[in-house]
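Peer 1: Chains X and A, in that order, give the protein sequences.
Using this note's numbering, you'd call the opening residue of the first sequence number 1 and step up by one each time.
Using this note's numbering, you'd call the opening residue of the second sequence number 115 and step up by one each time.
Source of the hints: derived by calculation from the structure; they are not laboratory data.
No experiment lies behind these values; they were computed from the predicted model shown.
Where a beta carbon is used, it is the ideal one built from N, C-alpha and C, also for glycine.
Hints are supplied without guarantee of correctness; some may be wrong.
Simulated restraints on C-beta separations [to be verified]:
# : chain 1 : residue 1 : chain 2 : residue 2 : range
1 : X       : 114       : A       : 125       : 44 to 52 Å
2 : A       : 154       : X       : 7         : 18 to 26 Å
3 : A       : 170       : X       : 14        : 35 to 43 Å
4 : X       : 38        : A       : 156       : 14 to 22 Å
5 : X       : 73        : A       : 175       : 26 to 34 Å
6 : X       : 66        : A       : 197       : 41 to 49 Å
7 : A       : 171       : X       : 12        : 42 to 50 Å
These stretches of chain A come out as covered by chain X in the derived footprint (C-beta under 8 Å, 3 or more residues) [to be verified]:
# : segment
8 : 197-206
9 : 219-229
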Amino acid sequence: DAGVIQSPRHEVTEMGQEVTLRCKPISGHDYLFWYRQTMMRGLELLIYFNNNVPIDDSGMPEDRFSAKMPNASFSTLKIQPSEPRDSAVYFCASSLWSGGAEQYFGPGTRLTVT
Amino acid sequence: AQKVTQAQTEISVVEKEDVTLDCVYETRDTTYYLFWYKQPPSGELVFLIRRNSFDEQNEISGRYSWNFQKSTSSFNFTITASQVVDSAVYFCALSGNTGGFKTIFGAGTRLFVKA
């Protein structure tokens, strides 16, 4: 079975540009999570969805960040405009049910904003 | 508030040594789950184990074992006879009902296993 798929794997962009990260969860998983990983802050939960509905976006750093899940097999995380401090690895993960279930992570997108 | 502390930032061992990774958690929830994840150099986090708060039974899986003690709020992870392929960053994580079962990750412990 395919795991969580993320694209692109690497993204280099200039400050001020729009960045869109994409995720395809494991089929049948009801929950989808977006995380950001940096050396300074570790692994942070940005937002999570249940059955395509955003449940908690309290981790989204600011209005420049937005996430959508138009259907059960696709989600996007958008940063507009991007800033150098957004440079990080962004992970998407999915799980069968809520917090008590293990999460399956994608390979991540390494974002560099110059 | 929920918190996960992994006090060991980095550990270096020689192959075949046993190594224990410490994890201490804080929560006021009566129902919660604890996890360990492995992040190898390739970068993808891999789930290793989940325990719920009502099950303190220790678990062994091959060279891996986990010791869950509610009395000390600890969920430690031991690798027996370590191998070079065990080199990775290991994360302990917690999710509880008060926090809406959001998963809180510790800072991670980087394990180096030298040949």
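Peer 1: If a hint holds in the structure, say so; if it doesn't, say that too.
Peer 2: Hints and how they fare:
1. Under the hint 44 to 52 Å, the C-beta atoms of residue 114 of chain X and residue 125 of chain A, about 35 Å apart, miss the expected range.
2. Residue 154 of chain A and residue 7 of chain X have their C-beta atoms about 21 Å apart, which keeps the hinted 18 to 26 Å range intact.
3. The beta-carbon spacing between residue 170 of chain A and residue 14 of chain X, approximately 52 Å, falls outside the hinted interval of 35 to 43 Å.
4. At about 18 Å, the CB distance of residue 38 of chain X to residue 156 of chain A agrees with the hint of 14 to 22 Å.
5. Under the hint 26 to 34 Å, the C-beta atoms of residue 73 of chain X and residue 175 of chain A, about 32 Å apart, fit the expected range.
6. Checked against the hint of 41 to 49 Å, the pair residue 66 of chain X and residue 197 of chain A passes, with Cβ atoms roughly 43 Å apart.
7. Range check, residue 171 of chain A to residue 12 of chain X: about 48 Å between beta-carbon atoms, so the 42 to 50 Å window is met.
8. Beta-carbon proximity to chain X at under 8 Å applies to 1 residues in the segment 197-206 of chain A; the threshold of 3 is not reached and the given coverage is violated.
9. Check result for the segment 219-229 of chain A against chain X: holds, 4 residues qualifying (beta carbon to beta carbon below 8 Å, three or more required).
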